[in-house]
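Engineer: Sequence:
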Amino acid sequence: MTQSEFPALERPLFFEGQRLTSADLAAVHAFDRELHRLHNRSLHGWGVVRGLAAGGARGERTVTLTPGYALDCLGRELVLSEPLELAVPAVAAATAYRLTVSHAAGADLAPEVRSGACGTSGAVRLADVPVVRFQDVTATGEAARRPGLDVVVAGVSVAGCRLAANLSGAEREALAPEQPYVAGGQTPAGSTAWRSWPGSGAPAGVAATVPTAAAGFHGTPSYQARVAGSRIDPEGFVVDGYAHVSGAGADAFDLVVVLPGGHTTGAFGAVSALNPSRVLDGDYPDRLRGVLGWHVVWMGIES
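Here the numbering used here is used: position 12 in the sequence shown is 465, and no number is missing along the way.
For the record, the hints were derived by calculation from the structure and aren't laboratory data. Everything numeric in this text was worked out from a predicted model, so none of it was measured. Here a beta-carbon is modelled for each residue, glycine too, at the ideal position from N, C-alpha and C. A couple of the hints might just be wrong.
[Stated by the list, open to error] Label-pair distances were calculated between CB atoms; the ranges are:
hint, residue 1, residue 2, range
1, Leu491, Val544, 38 to 44 Å
2, Ala703, Pro536, 37 to 43 Å
3, Ala547, Pro460, 41 to 47 Å
4, Ser534, Leu491, 21 to 27 Å
5, Ala558, His492, 19 to 25 Å
6, Ser756, Ala642, 52 to 58 Å
7, Ala558, Ser534, 17 to 23 Å
Using the sequences plus the hints, can you model the full thing?
Structural biologist: Structure (structure tokens):
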């Protein structure tokens with residue numbers, strides 16, 4: 454039977470006057486722990502997050518490791534709080550190793566034991582220290598490195614009980630950096646609400662407010678936008694202008710289209726950089742929305 458990657462969760466509940474046992478309190482911890490691990494592996498992945506810098510030069514007999522933080526593929530947190538110094542494996546022949554950190558099972562940890570009432574005693578604390586070890590790259594079976602569970606911090610070459618080379622960072626399994634969040638969309642063709650721009654004085658173009666709240670940006674992203682729709686008006690002129698983003702925020706921005714005035718007739722027929730007054734007078738705004746179908750296609754990139 455295949456085990457689900459999603460834990461079966463039971464939320465502990467309490468009532469006034471309830472007698473709490475150690476199992477009740479452990480259930481509270483288990484509920485939070487399983488949710489947190491699910492969060493880690495679903496949203497963050499695994500690898501070295503911070504620190505855990507390994508040091509060691511050719512000819513030395515020890516390797517150092519700085520404090521740091523990593524996640525394994527089950528979402529378990531591997532925290533080394535103190536610097537560590539390890540003797541290199543005592544082997545004479547040239548051997549390649551991986552220096553790894555991994556989650557320590559409860560049986561591998563030294564618990565703090567206290568006495569209880571009526572002659573009872575039990576463990577009350579576990580020093581949650583990860584296992585740090587050298588793993589032979591050619592090992593098989595139980596000694597073999599478990600990808601995702603044994604997180605590599607450095608490559609190690611040993612010969613004659615010394616480092617045969619400086620530690621290698623090429624094998625280090627760092628957690629991939631967060632990628633930019635990209636979202637996009639468009640306003641409705643034929644019903645985008647264009648207005649005069651600027652709002653006072655002689656109009657120089659048109660503008661439309663583009664809502665982006667549905668994308669769920671946390672801050673103001675970098676927006677890119679363009680006007681989509683026909684550039685040929687009902688009179689046969691080419692209608693176009695210069696678009697730019699203005700007033701950007703996390704949930705909206707304005708796309709402003711500057712429309713230079715005048716028109717000419719050339720080898721390709723009538724060409725017009727549309728005068729704003731023609732866009733805003735009479736029924737032309739309706740033509741922008743309807744006949745031309747002007748609307749905004751956009752994309753936002755949030756780092």
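Engineer: The structure should be examined with respect to each hint, and the outcome stated for every one.
Structural biologist: Okay, the hints, checked on the actual structure:
no.	hint	verdict
1	Leu491 - Val544: 38 to 44 Å	holds (40 Å)
2	Ala703 - Pro536: 37 to 43 Å	holds (42 Å)
3	Ala547 - Pro460: 41 to 47 Å	holds (44 Å)
4	Ser534 - Leu491: 21 to 27 Å	holds (25 Å)
5	Ala558 - His492: 19 to 25 Å	holds (22 Å)
6	Ser756 - Ala642: 52 to 58 Å	violated (31 Å)
7	Ala558 - Ser534: 17 to 23 Å	holds (19 Å)
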